[in-house]
Amino acid sequence: MNIKELVIISGKGGTGKTSLTAALAKLSGHCVLADCDVDAADLHLVTSPQREKEEPFMAGWEAVIDSQKCVGCGICQNLCRYGAVLNSTQTDTKSTVKFVIEKAFCEGCGVCVWGCPAEAIELKSKLSGQWFQSRTPYGPMIHARLGIASENSGKLVSQVRFLAKEIAQAEQYDLIITDGPPGIGCPVIASITGASHLLVVTEPTLSGAHDLERVLKLAAHFQLSVSVCINKWDLNPEQTGLIENQALNHKAKLAGRIPYDPVFSEAQVKGISVSEMDSIPVKEAVDHIWSHLKSYL
Amino acid sequence: MMNYPPLQIAIASGKGGTGKTTLAVNLAFALEVPVRLLDCDVEEPNAHLYFYAGLKESVPVSVQVPEIDFALCQFCGDCSRFCRFNALAVGKKTALVFKELCHNCGGCKLVCPHQAIREVPWVIGKKEIVSQDSVELIQGCLDIGRVQASPLIRIIRKEASKDKLTLIDCPPGTTCPMIAAVEGSDYALLVTEPTPFGLNDLKLAVETLRVLKIPFGIILNRSQGKDSIIHSYCREEGINILMEIPDRRQIAEACSRGELAFCQDEEIRSQLRELLPTIMMQINFSMVSPEGVRP
Amino acid sequence: MKIAITSQGETLAAQAEERFGRCRWILIIDTETGNLVARDNEIQRDAVQGAGIQTAEKILREEVDCVVTGHCGPKAFRVLQAAGIKIYLGAEGTGEKVLKDFQEGKLKLAETSDVEGHWV
Numbered sequence: 316m317n318i319k320e321l322v323i324i325s326g327k328g329g330t331g332k333t334s335l336t337a338a339l340a341k342l343s344g345h346c347v348l349a350d351c352d353v354d355a356a357d358l359h360l361v362t363s364p365q366r367e368k369e370e371p372f373m374a375g376w377e378a379v380i381d382s383q384k385c386v387g388c389g390i391c392q393n394l395c396r397y398g399a400v401l402n403s404t405q406t407d408t409k410s411t412v413k414f415v416i417e418k419a420f421c422e423g424c425g426v427c428v429w430g431c432p433a434e435a436i437e438l439k440s441k442l443s444g445q446w447f448q449s450r451t452p453y454g455p456m457i458h459a460r461l462g463i464a465s466e467n468s469g470k471l472v473s474q475v476r477f478l479a480k481e482i483a484q485a486e487q488y489d490l491i492i493t494d495g496p497p498g499i500g501c502p503v504i505a506s507i508t509g510a511s512h513l514l515v516v517t518e519p520t521l522s523g524a525h526d527l528e529r530v531l532k533l534a535a536h537f538q539l540s541v542s543v544c545i546n547k548w549d550l551n552p553e554q555t556g557l558i559e560n561q562a563l564n565h566k567a568k569l570a571g572r573i574p575y576d577p578v579f580s581e582a583q584v585k586g587i588s589v590s591e592m593d594s595i596p597v598k599e600a601v602d603h604i605w606s607h608l609k610s611y612l
Numbered sequence: 210m211m212n213y214p215p216l217q218i219a220i221a222s223g224k225g226g227t228g229k230t231t232l233a234v235n236l237a238f239a240l241e242v243p244v245r246l247l248d249c250d251v252e253e254p255n256a257h258l259y260f261y262a263g264l265k266e267s268v269p270v271s272v273q274v275p276e277i278d279f280a281l282c283q284f285c286g287d288c289s290r291f292c293r294f295n296a297l298a299v300g301k302k303t304a305l306v307f308k309e310l311c312h313n314c315g316g317c318k319l320v321c322p323h324q325a326i327r328e329v330p331w332v333i334g335k336k337e338i339v340s341q342d343s344v345e346l347i348q349g350c351l352d353i354g355r356v357q358a359s360p361l362i363r364i365i366r367k368e369a370s371k372d373k374l375t376l377i378d379c380p381p382g383t384t385c386p387m388i389a390a391v392e393g394s395d396y397a398l399l400v401t402e403p404t405p406f407g408l409n410d411l412k413l414a415v416e417t418l419r420v421l422k423i424p425f426g427i428i429l430n431r432s433q434g435k436d437s438i439i440h441s442y443c444r445e446e447g448i449n450i451l452m453e454i455p456d457r458r459q460i461a462e463a464c465s466r467g468e469l470a471f472c473q474d475e476e477i478r479s480q481l482r483e484l485l486p487t488i489m490m491q492i493n494f495s496m497v498s499p500e501g502v503r504p
Numbered sequence: 002m003k004i005a006i007t008s009q010g011e012t013l014a015a016q017a018e019e020r021f022g023r024c025r026w027i028l029i030i031d032t033e034t035g036n037l038v039a040r041d042n043e044i045q046r047d048a049v050q051g052a053g054i055q056t057a058e059k060i061l062r063e064e065v066d067c068v069v070t071g072h073c074g075p076k077a078f079r080v081l082q083a084a085g086i087k088i089y090l091g092a093e094g095t096g097e098k099v100l101k102d103f104q105e106g107k108l109k110l111a112e113t114s115d116v117e118g119h120w121v
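Protein chains in written order, with this note's numbering: chain A, 316 to 612; chain B, 210 to 504; chain C, 2 to 121.
Think of the hints as simulated: they come from the structure by calculation, not from any bench. Since this is a predicted model, take the numbers as computed values, not measurements. Even for Gly, the Cβ is constructed at its ideal location relative to N, Cα and C. Please note: incorrect hints may appear among the correct ones.
Looking from chain B toward chain C, a few residues come up when the C-beta cut is under 7 Å (computed) [stated by the list, open to error]:
#1 295
#2 298
#3 300
#4 303
#5 305
#6 307
#7 310
Looking at chain A on its own, in the form it has when it is part of the complex:
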């Protein structure tokens, strides 16, 4: 079976990407959901998932100093370029100043391990987060949570997409809807490569336009089919027009416009998608976008 993957990103945060993802999932009625915004995962708040599976996500390394073996020479502190070696507040009976690793700054390079004359440091594999498999009314959902101060290298994002594809194949789903992360960095690249179609959700502000420009360049770099939709378009109709022209200049399609409506927040409070709320304008707008997207996929 040919599985299509629709990835929804925004460049700028807070444009309503996750709310729209949930609404499109509801309209599709039958799809696998993947939440690739692993740094601030919110899709589970509006798709009423039942958790089926929870697994640790190990990635990278972190240095650990054995205080018994540490002789307090400070070589590790001089070698570390990340400022991750701190003076310990504890001293031994001979008042030797010992060192500790601040996990939040350690990148697991191993330079301290190499330099330590007392063999007091070792690299341990690092618990960097968790991933989950859940069941929503529309189908299975793969989501994840990256640990604090972890590196969002894109590996967890790739893992979420891989698992989503696996479950789509196993359970014969022909559509995956992916909620992507904000920005244009590693996690975004890991979310969009190989997607069937990319929907960019933006808003009619200067920053929305500015971030859209960067995201569209990235999409062009990866030669992806892309469309743009403008949320809260009526806040600034003039800017909306400018953004739509900007999208057309980048050969992106126009998926539609959504009016400014408090149902976006109200739906979150109720833990449901915006298309389940009784706002006719929003419902019509989302229906319109969905019919466009179906023809792009």
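Based on these hints, arrange chains B and C on the given structure of chain A.
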């Protein structure tokens, strides 16, 4: 005119789009004292959009990456075996460096038995500067296709002023780039909104700042004026809501036009100016409380 | 001639692996003697980044003439190309079938990488 000590105040949030940049820029202008503003949201720097002057100075920013001297390299592969980031590949007669994977730890140069590795600069983005009235903006902008957000943030972060107030507009989230931006700050303002997404992401940001031992307070944006899930969370956790910005369509419209919407409203503007004295009191307080002592 | 095939198992009876960097096994086959050696590549499955680069480096040590795999990203391609190793893409089915396809000239010699890096 009142002046402030050279404090470093980070403006952060777990969730994107809560109004971090809007708050940072409006606060910088509302204070009417010399302020340096660092835009550390290097993937999508937006603070400059509020400056009509346009970006003036632009300096390329680079990180150090290894370069192999083939006159000395014996293709032993020690560097590649050492590199935890898989940034080097050594064959019988070839040795390649993948700069985009390098974390600049310096390990390959240390372990090379033939001194065949030196470090050379590699441009990852730029540092741009613009001044308007009393505000001096320094922003980092990551080149498209580059992935080294954290190293660029650390470089921009070093521009914190030694003699005036520095405000830092941080990237969203709780991973490396956010840590790189808030680290070293005296205080953090967490901007959130009264929605479940806002609350969920606020909790992550609070957890992060507690790990970093940075004192913080909450700015509730788009407040409906009534008791919200953010209020009850803050009550339970004993966190201060320093200020509430009302959810008004006029504000959203002014923001969309790129105007200093908070400064246009007399009441919000005066509340912004009261933030600094409140923060300073809180920092003094937390310096004597055992929980708040910085390492 | 020596060739390397990315594989899901230790023998030619196993399915060939389409993914280059994160393949479980690398089969090294000497087409003249028929000799086969299987190299374990499990460690790359957990690599945070650069799995393709390290898998390619491992293959360089085997002094093979060509690599047969499903898809290959830009970084691994650079490593193999720099060492003068030819890369054939489109491997599908068991190792035996892939080897036969290769010998019959059914697989295409890659001039560039055919997939984007996964950035992990």
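Verification of the hints:
no., hint, result
1, 295, "2 Å, holds"
2, 298, "4 Å, holds"
3, 300, "4 Å, holds"
4, 303, "4 Å, holds"
5, 305, "6 Å, holds"
6, 307, "6 Å, holds"
7, 310, "5 Å, holds"
Every hint from the earlier list agrees with this structure, and none is contradicted.
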